[in-house]
Amino acid sequence: MTPALQLVLFISVSLFCIGLLAALSRRHAIFILIGIEMMLAAANINFIAFWRFSPQPQSTGVIIAIFAIAIAAAEAAVGLALVIAVYRHYRTTDVDELTQLKG
Amino acid sequence: MNILAFAFIAIGILAPALAAATNPRLMHAALSFALAFVGVAGLFFFLGAEFVGLVQVFVYIGAVAVLVVFTILLTRREGETHRGFNWAGVVVAIAVFAGLIWSIVKTPALSILPPAIEPLTVKRIGETLMTDYVWPLMAAGVLLTVALLGALILAMEDRE
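These protein sequences, in sequence, are chains A and B.
Using our numbering, you'd call the opening residue of the first sequence number 39 and step up by one each time.
Using our numbering, you'd call the opening residue of the second sequence number 616 and step up by one each time.
Honestly, the hints are just simulated from the structure, not real lab data.
Hints may contain errors.
Computed list of chain A residues with no C-beta within reach of chain B, every gap over 10 Å [as the list claims (entries may be wrong)]:
#1 Ala79
#2 Ser97
#3 Ile122
#4 Leu136
#5 Lys140
Computed list of lysine to any residue pairs in SDA-like fashion (alpha-carbon distance at most 20 Å, straight line) [stated by the list, open to error]:
#6 B/Lys738 to A/Ile101
#7 B/Lys738 to B/Tyr748
#8 B/Lys721 to A/Leu43
#9 A/Lys140 to A/His127
#10 B/Lys738 to A/Ser97
#11 B/Lys721 to A/Asn84
#12 B/Lys738 to A/Thr98
#13 B/Lys721 to A/Phe91
#14 B/Lys721 to A/Ser52
Backbone N, C-alpha and C fix where the C-beta goes; we use that ideal spot for every residue, glycine too.
Generate coordinates for the entire structure from the input sequences, incorporating the hints supplied.
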């Protein structure tokens with residue numbers, strides 16, 4: 039028995055919502071970034087799943103997944119560098135304590 | 616493609632991902648994050664996209680997970696617990712989850728089985744990247760260079 043497209047989409051939806059949960063409910067800046075990475079991975083799973091289940095597969099889905107991984111890596115590098123820069127200025131990585139711009 | 620391997624991969628993705636999202640101990644959560652991405656790479660292998668699975672292992676487990684672990688070590692303070700949890704985020708995540716599941720279940724076109732396809736070789740991916748997608752490839756290269764230089768400048772200490 040082979041899984042249908044729906045089952046793969048259930049996994050990607052679950053991963054997306056776990057990432058959303060991490061991004062919204064965590065207070066540590068690194069884990070907000072990890073949540074965003076999980077959401078990007080869920081999008082990648084969707085690209086690959088729709089590529090695999092399409093009647094006439096072209097390589098577009100795979101190529102887009104590769105570009106998405108490259109862009110996610112760039113985003114992670116800049117985001118983590120920002121976390122280190124913020125930590126150096128404020129001595130904290132808790133996003134609730136970074137209230138300098140609050141009116 | 617059998618359903619048992621698929622269920623195994625699904626648990627291998629979702630259990631570590633949930634642990635990464637909720638574990639208050641930072642280092643454990645970061646390692647669960649790496650484990651979740653091993654599961655995602657496994658799903659890519661399972662769906663027949665071997666090259667993307669390999670790229671996923673190289674980039675996420677090889678680079679991003681190591682970067683996350685080093686950032687945690689560089690920004691750690693003594694006596695930190697991070698038990699604060701924002702319950703509004705849980706409500707929003709569950710609402711989005713319910714909405715998306717509902718729309719997937721309600722779409723009959725999604726209950727299809729995978730067609731038999733010829734495997735996508737690395738050679739064909741390379742040919743496509745160097746012909747149809749050569750400009751996006753160049754742009755991605757420039758983006759990675761700029762992003763890594765920018766990350767270096769952001770994280771560099773000011774020595775005056």
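Against the structure, the hints come out as follows:
For alanine 79 of chain A, the condition that its CB be more than 10 Å from all CB atoms of chain B is violated, with the nearest at approximately 5 Å. Some Cβ of chain B comes within 10 Å of the Cβ of serine 97 of chain A; the nearest lies about 5 Å off, and the non-interface call is violated. Distance to chain B contradicts isoleucine 122 of chain A as a non-interface residue, since its nearest Cβ pair spans about 5 Å, not more than 10 Å. Listed as a non-interface residue, leucine 136 of chain A keeps its Cβ farther than 10 Å from every Cβ of chain B; the least gap is roughly 13 Å.
Against the 10 Å criterion, lysine 140 of chain A stays outside the reach of chain B, whose nearest CB is about 17 Å from its own CB. Between lysine 738 of chain B and isoleucine 101 of chain A, the direct Cα distance comes to roughly 13 Å. Compliance with the 20 Å bound is thereby established for this hinted pair. The suggested pairing of lysine 738 of chain B with tyrosine 748 of chain B holds, with an alpha-carbon distance near 14 Å, which does not exceed 20 Å. A C-alpha spacing of about 13 Å is found between lysine 721 of chain B and leucine 43 of chain A, which places the hinted pair at or below 20 Å, so the restraint holds.
Between lysine 140 of chain A and histidine 127 of chain A, the direct Cα distance comes to roughly 17 Å. Compliance with the 20 Å bound is thereby established for this hinted pair. Only pairs whose Cα atoms come within 20 Å are accepted, and lysine 738 of chain B paired with serine 97 of chain A is accepted, the gap being roughly 12 Å. Among the hinted pairs, lysine 721 of chain B with asparagine 84 of chain A is consistent with the structure: their alpha-carbon atoms are about 18 Å apart, no more than 20 Å. As the CA atoms of lysine 738 of chain B and threonine 98 of chain A are separated by approximately 14 Å, the hinted pair is consistent with the 20 Å bound.
Between the alpha carbons of lysine 721 of chain B and phenylalanine 91 of chain A the distance comes to roughly 18 Å, so the proposed pair stays at or under 20 Å and holds. A distance of roughly 17 Å separates the Cα atoms of lysine 721 of chain B and serine 52 of chain A; the hinted pair therefore holds under the 20 Å criterion.
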